[in-house]
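Taken in sequence, the protein lines are chains A and B. Okay, so the first sequence: first residue is 2 according to the numbering used here, each after it adds one. Okay, so the second sequence: first residue is 388 according to the numbering used here, each after it adds one.
Derived from the structure by calculation, the hints contain no laboratory data. Among these hints, one or two may not hold up.
Said to hold, decoys possible - Here are the simulated DSBU-like cross-link-like pairs (lysine-lysine), alpha carbons at most 35 Å apart as the crow flies:
1) B:K600 / A:K7
2) A:K77 / A:K185
3) B:K482 / A:K284
4) B:K668 / A:K182
5) B:K492 / B:K728
6) B:K637 / A:K182
7) A:K7 / B:K442
8) A:K3 / A:K106
9) A:K110 / B:K668
10) A:K182 / B:K600
11) B:K494 / B:K706
12) A:K77 / B:K492
13) B:K600 / A:K185
14) B:K706 / A:K26
15) B:K668 / A:K322
16) B:K600 / A:K284
17) A:K26 / A:K3
Claimed, not checked - Incomplete in silico selection of chain A near chain B, CB under 7 Å:
18) S88
19) S122
20) V213
21) T214
22) G215
23) Q246
24) V316
Unchecked claim - Part of the chain A face toward chain B, derived, beta carbon under 10 Å:
25) E15
26) G18
27) V19
28) Y238
29) S241
30) I272
31) T286
32) G309
33) T321
We put the beta carbon where it would ideally sit given N, CA and C, even for glycine.
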Amino acid sequence: MKKGNKYGVHRVIEPKGVLPQPANKIDNNMDEIYDNEILIDVQTLNIDSASFTQIEEQAGGDKEKIAEIMLGIVEKQGKHRNPVTGSGGMLLGTVEKIGDALIGKSDLKVGDRIATLVSLSLTPLRIDKIKDIRPDIDQVDIDGKAILFESGIYAKIPDDMPANLALSALDVAGAPAQTAKLVKPGDTVLIIGAGGKSGMLCCYEAKKRAGVTGKVIGLCHSERSTKRLMDLGFCDYVFSADATQPVPVLEKIEELTGGEMCDVTINNVNITDTEMTSILCTKDTGLVYFFSMATSFTKAALGAEGVGSDVTMIVGNGYTKGHAEITLQLLRESDKLRKVFEELYA
Amino acid sequence: MKIGCRYGTHRVIEPAGTLPQPAYRLDNTMSVFDNEVLIDVSTLNIDSASYTQIKQACSADAEQMKQMILSIVEERGKMQNPVTGSGGMLIGTVKEIGTAFPSNKLKVGDKIATLVSLSLTPLNIKKIKKLTIDSDQIDVEAEAILFESGLFAVLPDDIPEKLALAVLDVAGAPAQVDRLVTEGDIVCILGGGGKSGILCCYQAMQNAGSSGKVIVVEYSNENAKRIKNLGLATDVIVADATNVMDVYNKVMAITGGRGCDVTVNNVNVPSTEMTSILITKGQGSVYFFSMATSFTKAALGAEGVGKDINLIVGNGFAKGHANLTLNIIRESKPIRELFEKLYI
Chain A
2 MKKGNKYGVH
12 RVIEPKGVLP
22 QPANKIDNNM
32 DEIYDNEILI
42 DVQTLNIDSA
52 SFTQIEEQAG
62 GDKEKIAEIM
72 LGIVEKQGKH
82 RNPVTGSGGM
92 LLGTVEKIGD
102 ALIGKSDLKV
112 GDRIATLVSL
122 SLTPLRIDKI
132 KDIRPDIDQV
142 DIDGKAILFE
152 SGIYAKIPDD
162 MPANLALSAL
172 DVAGAPAQTA
182 KLVKPGDTVL
192 IIGAGGKSGM
202 LCCYEAKKRA
212 GVTGKVIGLC
222 HSERSTKRLM
232 DLGFCDYVFS
242 ADATQPVPVL
252 EKIEELTGGE
262 MCDVTINNVN
272 ITDTEMTSIL
282 CTKDTGLVYF
292 FSMATSFTKA
302 ALGAEGVGSD
312 VTMIVGNGYT
322 KGHAEITLQL
332 LRESDKLRKV
342 FEELYA
Chain B
388 MKIGCRYGTH
398 RVIEPAGTLP
408 QPAYRLDNTM
418 SVFDNEVLID
428 VSTLNIDSAS
438 YTQIKQACSA
448 DAEQMKQMIL
458 SIVEERGKMQ
468 NPVTGSGGML
478 IGTVKEIGTA
488 FPSNKLKVGD
498 KIATLVSLSL
508 TPLNIKKIKK
518 LTIDSDQIDV
528 EAEAILFESG
538 LFAVLPDDIP
548 EKLALAVLDV
558 AGAPAQVDRL
568 VTEGDIVCIL
578 GGGGKSGILC
588 CYQAMQNAGS
598 SGKVIVVEYS
608 NENAKRIKNL
618 GLATDVIVAD
628 ATNVMDVYNK
638 VMAITGGRGC
648 DVTVNNVNVP
658 STEMTSILIT
668 KGQGSVYFFS
678 MATSFTKAAL
688 GAEGVGKDIN
698 LIVGNGFAKG
708 HANLTLNIIR
718 ESKPIRELFE
728 KLYI
């Protein structure tokens, strides 16, 4: 077996010298694996929400066209990194082969069901056939293979829940785990895009951390998600608004917080132009966590400066230690959450 | 006088409902609303990423660059580079103050620098008087508007205004370094030889102290030498910051494989996110000051290599940043002399 680089640099075709994520093309030949790689027989791709929304729009909602766009992306790049949003997603599959250098070092064995927790935007992928597309939950069943690098993170699918349920929660595992780290007792927390998948997990975790003296505000868009979040009962306030319109949202938050604004704002919205809303709703000593892949760096950076806000802005890191365990645990803790997830995403 | 919104939304032409920064086009009619300040502009300091892009697009031809800047402002009512999204700042004299403008610190005739980005400042250029391809400061005959929420600094008497402008432009960077770096930290500054890099180095050396390390990664030999001569770093690496593995190996050699507690990215070229991430140790922080940073490359990059680190979006504003930065110029004679040579 050929010796591979820890970060997968050996798979990069062009441009030379970069890592697999920023690369335009990576080698997705699966006939032979490197000594520090794991070959996965893929069953399901869970496309990143911003990416899937973009592909669906481009395809006008037509499944054939969605399949065509996805195959085209993988054909061209050797991985599924959406050229518009730059984002990927994750996958569910079975371990087929383990490189020599990892035997004894990895806790995986052939036949294990795993979800990769690194982005599809850097995962060598080959799609042989697209079998089913489930647009409501951004999941696509395929015949295909993928490679996990030595530095790649993964989670074994637990026995006590269905694989699809675990996958849909693991996909956004970073968000509730970061929420757990950020929110302190007594905090006022705003979750933007609170009615979506990661939003609901964040709301639950935020309330747990903020406690009775804290306040969790959920901002949703559609009537349906607003009602769903209200019924879940995790938030102190839930309201519906267009997050791209900073001024009305700002006024509402001023009213709900008595002009104090929020200590922590978590942005989970998978649409563009919500940076200013996030900044303006946060105290100028507060913190904004951008989990949305649709965030523009310059809009956030210049936006805060432009309104003279001393807010701390963090780029959502999809990985934090223990994130898979924290997130799966939420589904075990809360029956309500698990029920909604089963209905919507599994 | 017409009544304006605190954040200047009354100046937004399209798309409606957005704030001035993300707006495509602003109303740059130079009559003030009640909470605005009208400024007679003398100099624009174009953001470095923006200036580099303009220079490249115009093949470093000064006349073409003038035309490009004029046409951006003509089209958008503000100097926001459509490619980089960034702006810059300006100096000028206060010409008129709206009746509802809150600050009592300002009077007509004051020389000020605006500390909000040009990317949201209504601007009307009558004439570009001087543009040289090597300086991102251009002299103009122009007028601009400062909103109620807009930040500004009255220019000090003891520092020449062009020097003050040059350092205030990047005032956020050293101020954030002051917050992030604590004694004993290993700090890496990517792009340490440029303007904000030098100020960051100075502050990092102060904060990290004798038990810490400040490592500078610099592309140009000349800049690297300058940092060494000024004693602004403990280690200097000459390398291309976009070459991830090269920088990674060199930083690991210096740190004994530990990596850095704090990495500050000041490089104004794209694709340096992964370098920043890989050289930072677990639980450490990366501060992205470069406007060329891609949000998705940073977010997915850290996840992709399984790094549990803080990725921070550079905020150009931090309380007290103007004073902190002007004080560096007062404290460090070598930096002052260097900046006087380079930026005036």
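How the hints compare with the structure:
no.	hint	result
1	B:K600 / A:K7	holds, 27 Å
2	A:K77 / A:K185	violated, 45 Å
3	B:K482 / A:K284	holds, 32 Å
4	B:K668 / A:K182	holds, 18 Å
5	B:K492 / B:K728	holds, 32 Å
6	B:K637 / A:K182	holds, 32 Å
7	A:K7 / B:K442	violated, 39 Å
8	A:K3 / A:K106	holds, 18 Å
9	A:K110 / B:K668	holds, 30 Å
10	A:K182 / B:K600	holds, 28 Å
11	B:K494 / B:K706	holds, 22 Å
12	A:K77 / B:K492	violated, 59 Å
13	B:K600 / A:K185	holds, 33 Å
14	B:K706 / A:K26	violated, 44 Å
15	B:K668 / A:K322	holds, 13 Å
16	B:K600 / A:K284	holds, 34 Å
17	A:K26 / A:K3	holds, 20 Å
18	S88	holds, 6 Å
19	S122	holds, 5 Å
20	V213	violated, 29 Å
21	T214	violated, 26 Å
22	G215	violated, 22 Å
23	Q246	holds, 5 Å
24	V316	holds, 4 Å
25	E15	violated, 13 Å
26	G18	holds, 5 Å
27	V19	holds, 7 Å
28	Y238	violated, 23 Å
29	S241	violated, 17 Å
30	I272	violated, 13 Å
31	T286	holds, 9 Å
32	G309	holds, 5 Å
33	T321	holds, 5 Å
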